[in-house]
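Chains as they are written, first to last, in this note's numbering: chain D, -2 to 348; chain W, 21 to 375.
Derived by calculation from the structure, the hints in this document are not laboratory data.
Watch out, some of these pointers could steer you wrong.
Simulated crosslink set (SDA-like; lysine to any residue; CA at most 25 Å straight-line) [stated by the list, open to error]:
id, chain 1, residue 1, chain 2, residue 2
1, D, K105, D, D67
2, D, K256, W, D157
3, W, K162, D, D304
4, D, K79, D, A22
5, W, K162, D, Y251
6, D, K286, W, E137
7, W, K120, D, D235
8, W, K120, D, A22
9, W, K120, D, S284
10, W, K261, W, S141
11, W, K181, W, A68
12, W, K78, W, Q124
13, W, K181, W, G311
14, W, K167, D, K286
15, W, K167, D, K108
16, D, K286, D, G300
17, D, K286, W, A68
Small disclaimer: the values here were computed from a predicted structure and weren't measured.
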Amino acid sequence: MLAAYQVDGLVLDGTQAGPSDAVRALQTDLRALGYLGRGIDGAFGPGSLRAVRALRYDLINNHGLSRSDDGPAPVAIADYNKGRITDIAAGFDQSLAACLADLISDSKVPKLPRSFDPLADNRAALAAVSSMTDATAPFPFILAMAVQESDSCHYCIPHGNDGDDFVSIGLDRNDKANPDRITSRGYGLGQYTIFHHPPRMEEIARFIVDPVGNVATAFAELRSKFDRDVVGPDSEADDRAAEHPVLALRLCRYPVSDKRRMADCQSCAANVPTVTIRRGTPLFQGSSKSCQPDNLYPSADYGAVPDRSAFLCDWPYAARRYNGSGLDSFHYQIRILLNLVRQRAASGDAK
Amino acid sequence: MTNLWTILNVAIGLALTYLVLSLVATAIQEGIAAVFRLRAATLKSGLASLLADPGSKKPQLDPFFVSVFGHGLVQRISSKGAPSYVPARNITLALLDVLKDGSQANEFTAIERAVAELPPSPIRQSLSVLMNEASGDIDVLKTRVDKWIDDSMDRISGTYKRNVQITMLAVGFVIACGFNVDSLHVAKSLWAPEANSKIVQTATNFLARHPAAGKKNDPGQGPVSGSQTDQDPAADLIAAKAAFADALDEVSSLPIPIGWKDFLLGDPKESKESKDSKDSNVPKDPNAPKGFFFILARLFEALPGWIMTALAISLGAPFWFDLLQGLINLRATGPKPPRADSPETPGDNKQRSTS
């Protein structure tokens, strides 16, 4: 059976106007295979074009290996090329349509899950996070990160023309030589990130379908960053080293017996002094780099940001390391801290 | 029969003697401390050893020490010259302020960065431990540093007290020799019935005239403190002079044999015995010329008594004041001297006293 976009002579390069069912079908399949970030609206725009080019890159280059140490993909996308795709820069054509249809119809190629009731599923997911008594990492940080990572949505919520109800996905394109190439993908509520594609069936079951599993993975990941990438042993957070060169790693100001331990982060965030960060503010005292807007974060002006150095724990530093170590990770850190304060305000309003 | 009360009276006489002499010694010691600014010097060297890098050849020129010691909070209290008393809290605040050095970062971070930049030294080590205990909380850090400075100041005070005691011992020996206060000789003279019966009254009168002699005359007050105020050394010197004159008056009015007048007569009893038994090698007339060896022998005879006196003086006025008061109180519970006319003495004491 042919897919709706397998139409002789149908070529899409972003110049076509108006939505169509063929494009909607194409977007749905690109979404299921993890090439389109979000939006199934039937209009072939720049986002769809980038998704197509990312797939073309993979058909030529993706042999199933990981860019990191998280194991190989279950299949090699390049095996589905069969000599049909030789050029990354082109748009959608019938050769690509054939490859895409092959990928979709092969049950060995994992597809991303979607929800019948994303609203209810997301609510259940957040409730599960809040009730997690896991002392691995402080859940308020996880919640604040979920807002930043996925707008607290494990599944996309369809609205208007957009029928997207797949698991939320974040696409990183960090290969300067191949700007359309997707280098890693974060999935779901906590945007747990993997560096091979497609994900293995076991991974889909463990943290892509199940939001609680997804968050548990995020907890473990955040804790690992805390334990290994703030003061070592794997790496040192440069902001932490500049601001607390003397202190040993601090888990929480409250003792084990205190119920606020690893749980009252929103109050801590609301009670520390705040700082104002503007375009050009050094990333930390003594840093040669400063806060600047970029593609991902168009503004570099933040008011009343809780001062990370005034926290009596090192989770603000770990939260940044969850996102990496570059300029973006500082934007990320600022937003997490702001989210903590906003969440406190929101929960205060609710009371 | 030797009455127990006679012994008590002798003890009271000795305690009174030592108290008065301690007051003289204290005045002299205070004078020396004022002239040489010993408190200020001890405070400065104590703080230098706390704050300076021990590797530096001149700890008092160590830049970190100089900036803390020169801080307004440390210096401002003193009217002139180096301070001799500084509240520990001020040192804490000065120390943290120097570390913070006007940084815009949050206080704890600013201090932490400064500590990290200090050369490896005990001060850096101590502050690092205190910072880790505080775990980022500036208020906890201030409390911990306060406590630490307090303890260090106690040690500095201890050093000062030890130095004072050594000075007191030296001064005590000079006084013992200077006034020829031979403890053994004094004790013997106090056995004599006349001196023995008078001494309690003398002591009581002395205590009535100097109710706080033991309290304000503690020379061991170190260069520390919350309540003490920093005084001008010149004022200290004037006070020491006045105390000295006062104490000298008291010494001259003591009904005990001190001074050089009768030195060469030796012990009154002994000289009597020797006069009886032997042909007189001990001259009766103090003005008669003496042989060199005789004088030397007398000096050796007096030496143990002088040493005892010096050791007693080094214990300080507060010690003797308390002891004297205790002995007088003990005396008050016992038989009254015949002429005692104290209506406040409870009657039952009087009854028991007949035993």
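Next item on the list: Measure nothing beyond the straight line between the CA atoms of K286 of chain D and E137 of chain W; if it is 25 Å or shorter, mark the hint as holding.
Entry: Roughly 22 Å between the alpha carbons, so the hint for K286 of chain D and E137 of chain W holds.
Next item on the list: Take the C-alpha atoms of K167 of chain W and K108 of chain D, compute the straight-line distance between them, and say whether it is at most 25 Å.
Entry: It is violated: about 64 Å lies between the C-alpha atoms, which goes past 25 Å.
Note to self: Can you confirm whether the C-alpha distance between K79 of chain D and A22 of chain D stays at or below 25 Å?
What the structure shows: holds (23 Å)
Notebook entry, point to check: Would the pair K120 of chain W and S284 of chain D pass a check requiring their Cα atoms to be no farther apart than 25 Å?
Noted result: holds (19 Å)
Next item on the list: For the pair we were handed, K286 of chain D and A68 of chain W, check the Cα-Cα distance against 25 Å.
Entry: Violated. K286 of chain D to A68 of chain W sits at ~40 Å, over the 25 Å cutoff.
Check: Is the Cα-Cα distance between K120 of chain W and A22 of chain D 25 Å or less?
Finding: violated (63 Å)
Checklist line | Pair hint K167 of chain W and K286 of chain D, alpha-carbon separation not exceeding 25 Å | finding: violated (40 Å)
Next item on the list: Mind checking the alpha carbons of K120 of chain W and D235 of chain D for me, to see if they're no more than 25 Å apart?
Entry: At roughly 21 Å apart (the allowed maximum being 25 Å), D235 of chain D and K120 of chain W satisfy the hint.
Notebook entry, point to check: When you check the alpha-carbon spacing of K256 of chain D and D157 of chain W, does it fall within 25 Å?
Noted result: holds (20 Å)
Margin query: Check whether the Cα positions of K162 of chain W and D304 of chain D lie no farther apart than 25 Å.
Written below: holds (20 Å)
Note to self: Next pair to validate is K181 of chain W with G311 of chain W; report whether the Cα-Cα distance is within 25 Å.
What the structure shows: violated (43 Å)
Note to self: Between the alpha carbons of K78 of chain W and Q124 of chain W, is the straight-line distance 25 Å or under?
What the structure shows: violated (33 Å)
Violated hints, in rising order: 8, 10, 12, 13, 14, 15 and 17; the structure is consistent with all others.
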